[in-house]
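Number of protein chains: 2
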Amino acid sequence: MEITQYNTDDVLARQLKLADENYRLLKTRQVRAINVMGPVGVGKTSLIVRLIERFIPCGVKVAAIAAAAVGDEDHQRFLETGARSINLTTGEDGHIDATGLNRALLALDLAGINVLFVENVPGIISPVDYPLGTGDEIVVIAATSGGGAMRKYPRIFTQTDLVVVNKIDLAAATGVKTETMSADYARINPHGRIVFADAKHGSGIDELLAALGFECDSKW
Amino acid sequence: MEITQYNTDDVLARQLKLADENYRLLKTRQVRAINVMGPVGVGKTSLIVRLIERFIPCGVKVAAIAAAAVGDEDHQRFLETGARSINLTTGEDGHIDATGLNRALLALDLAGINVLFVENVPGIISPVDYPLGTGDEIVVIAATSGGGAMRKYPRIFTQTDLVVVNKIDLAAATGVKTETMSADYARINPHGRIVFADAKHGSGIDELLAALGFECDSKW
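Chains as they are written, first to last, in our numbering: chain A, 1 to 220; chain B, 1 to 220.
Calculated directly from the structure, the hints in this document are not laboratory data. Be careful, since some hints might not be right.
[Unchecked claim] Straight-line C-alpha distance at most 27 Å; calculated DSS-like pairs for lysine-lysine:
1) K177/A / K200/A
2) K177/B / K200/A
3) K200/A / K61/B
4) K177/B / K200/B
5) K27/A / K61/A
6) K61/B / K27/B
7) K177/A / K61/A
8) K177/A / K200/B
[To be verified] Derived Cβ-Cβ restraints for the label pairs, each shown as a range:
9) G71/A / P190/B: 17 to 23 Å
10) S182/A / T28/B: 25 to 31 Å
11) G202/A / T28/B: 56 to 62 Å
All C-beta atoms, glycine included, are put in the ideal place defined by N, C-alpha and C.
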């Protein structure tokens, strides 16, 4: 007979229990949390920075959790905006899990925070298997990468309802057609919304805020 | 007491044993196998197609294994070149493992094959944990994604000795400096080699062939 100290069912059960705890904690503190997923180098951090820059003059208090195997490059970018931030070292894990988010939430001062961005570890496969307890999820991809991800690895796109195609300023140079990406996405997720953005130059940010249901005069 | 039917040590041991079997099988058949890793949408398939196009007129016999959660888009692109190809459905796995490669090798007719490309599941974290038994490994990233991956998720770059920065034609448009990427890579892997390529327009392919030690008049 072979034994281990735990079985995988219990690991999953523990994750779901912690995700539920995270959800309740965020709800009690009236924090709207957004899990931002997507491959490496598509501009997740830049997009979050742009959103934070819009929130600040509206009086919305923002915090952001950055993940990295090593270092704190994204965390420093979040701090530069004036937002509260925590750097979550994820080591060899291909995702943030509910345990990691729970630790970050306990370490972060949530008092007065309205919106929390959780920038996940880059990837389009592993992160979707780990529920965190955030109320919202966004998948960011890049126009420069084409739409192959949606056709070949559709699950993350079917399980979230908002996809941002960033770096749209480079779509023409890469021969990527936005209509093809929209059609691919509509086939995979007929209920989903697709927003084309260029975080570097600031376009598409209003559409993204609208898709998330944010307005400057929202009640916080 | 909690029990499972297997323990993780045995899974790893089985993977290493199968990777060793794959290595011996490839060596016996005199097939040089190259594991091509990297994030989604960086042009791994395009790069392999360009290499195959160079090999064919040299009389080098090539096969390629494509991975996908669903569909066979990349597999069809390999078949169009005239190369032998197998489509490996990887489902929710974030990597090809030694079991998957073993099945593909047994399904593929290796007779007369000189070079085998194994295009891994997209990602920069999970694939590096799964030794396959291939003799060579390449990591492909895109200039359009910047060099953040190397700084934030360095492990795959330290464990392989050849990185291809593809889509270099778009480096200027994205503000990415090749010298910065070269310096970042040299810091992480002083023994590694970095090749800048543009698979779409065919540049950098000669440098990549040279880095892999291939010449048209090589003895096969």
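Note to self: Hint compliance check: list the failing hint numbers for this structure, sorted ascending.
What the structure shows: When the structure is compared with the hints, numbers 3, 7, 10 turn out to be violated.
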